[in-house]
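> With the hints as extra help, turn the sequences into a complete structure.
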Amino acid sequence: MELFPLGVEHYILGGLLVGFGVAWIYFWTGIVAGASGFFGATLSLFTTRGDLKKYANSRSWRIAFGLGIVSGAFLFSILTGSFFVTKVQLWRLFFGGLLVGFGVRISRGCTSGHGICGLSSLSFPSLVAVLTFMSVAILTAFLISNLGVLP
Amino acid sequence: MRSLAIYSGGLFFGAGLALSAMAKPEVVLSFLQLKDLGLLLVMGGAVLIAMIAYKALPRIMRRPALGGKFNHYSRSLDKRVVLGAAIFGIGWGVSGLCPGAALASVGVGNYPVLLGIAGMFAGAYAASFLSD
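Read top to bottom, the protein sequences are chains G and U. Mapping of the first sequence onto our numbering: residues 1 to 151, in sequence order. Mapping of the second sequence onto our numbering: residues 1 to 132, in sequence order.
Heads up, some of the hints might be wrong.
[Claimed, not checked] With a Cα cut of at most 27 Å, we get these calculated BS3-like pairs of lysine-lysine:
1. U:Lys35 with U:Lys55
2. U:Lys35 with G:Lys53
3. U:Lys55 with G:Lys87
4. G:Lys54 with U:Lys79
5. G:Lys53 with U:Lys69
6. U:Lys35 with G:Lys54
[What the hints assert, rightly or not] Label pairs and their in silico Cβ distance ranges:
7. G:Val85 with U:Leu4: 43 to 51 Å
8. G:Phe46 with U:Gly44: 31 to 39 Å
9. U:Tyr111 with G:Thr48: 28 to 36 Å
Everything labelled a hint here was simulated from the structure, so no lab data went into it. Built from N, CA and C at the ideal position, the CB exists for glycine as well.
So this is what it looks like as structure tokens:
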């Protein structure tokens with residue numbers, strides 16, 4: 001069995017670039033930046049229901065970071081001429097997204113918050129979070145493909 | 001100035017996600033089905049650089065280049081962290097989308113992912129009913 005059928009270079013270089021983005025923000029501002037707060041921060045522009053109030057101080061950087069991520073991927077696609085449209089079914093994107101948006105706010109972190117920021121800070125709670133979402137996601141993805149849902 | 005620094009950091013972050021193909025749900029789902037372990041290399045590379053930055057920068061600079069102070073990541077372990085991570089994991093396994101990769105996916109022109117983003121906003125809103 002091949003571990004990396006598509007090669008390894010683009011994964012490694014892409015990962016280093018993602019890490020560089022995090023380091024760049026830390027160098028200039030001292031902020032430990034994760035992506036999941038973008039959604040709550042954007043919502044807090046329109047409503048202060050419940051704990052959305054807590055984004056008052058971090059709102060502007062969270063939104064700037066999210067918009068930067070969209071723009072960076074867009075610039076990369078322009079420069080390399082590689083745009084992409086998924087064939088994953090729409091209900092999967094929507095209902096999966098719903099659980100992702102809910103879960104990351106309850107857990108206070110995602111693949112970048114717990115994964116990149118937390119693990120690189122040797123945070124034990126983040127390690128627990130990463131092992132939890134990785135194993136649950138693997139089980140879920142296997143279950144769905146075994147039910148014959150493709151893609 | 002600070003917003004510009006953060007936006008430009010997002011540019012690198014998003015370009016990295018596009019380069020590493022994490023903006024393609026298919027590639028993430030093939031990792032989750034253990035057909036291609038590339039996601040571990042992406043995460044490993046990112047963690048390596050971030051770890052160096054978090055350790056080294058506060059030692060070689062008194063404060064961040066634009067002022068303020070160096071923050072340190074801290075989370076306490078409680079059942080919310082684990083329960084939320086499990087719910088996120090189900091969603092990730094269903095869709096192949098996580099927040100950063102979904103935003104990058106918008107940038108690569110993957111317009112169906114807007115439905116996933118809409119779901120994330122709705123989910124984030126629902127979570128505010130459960131504030132502690």
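> Now, for every hint given, state plainly whether the structure supports it.
Okay, the hints, checked on the actual structure:
1. About 34 Å separates the Cα atoms of Lys35 of chain U and Lys55 of chain U, which puts this hinted pair outside 27 Å; it is violated.
2. Of the supplied pair hints, the one linking Lys35 of chain U and Lys53 of chain G is violated, its CA atoms being roughly 42 Å apart against a limit of 27 Å.
3. Taken as a hint, the Lys55 of chain U and Lys87 of chain G pair is broken in the structure, with Cα atoms around 41 Å apart against an allowance of 27 Å.
4. A C-alpha spacing of about 20 Å is found between Lys54 of chain G and Lys79 of chain U, which places the hinted pair at or below 27 Å, so the restraint holds.
5. Straight-line distance between C-alpha atoms of Lys53 of chain G and Lys69 of chain U comes to about 23 Å, which keeps the hinted pair within the 27 Å bound.
6. Restraint check for Lys35 of chain U and Lys54 of chain G: the C-alpha separation of about 40 Å exceeds 27 Å, so the hint is violated.
7. The hint said 43 to 51 Å for the Cβ distance between Val85 of chain G and Leu4 of chain U, and at roughly 31 Å that hint is violated.
8. Taken as a hint, the range 31 to 39 Å holds for the pair Phe46 of chain G and Gly44 of chain U, whose Cβ atoms sit roughly 38 Å apart.
9. The beta-carbon spacing between Tyr111 of chain U and Thr48 of chain G, approximately 31 Å, falls within the hinted interval of 28 to 36 Å.
The structure is inconsistent with the numbered hints 1, 2, 3, 6, 7, although it conforms to all the rest.
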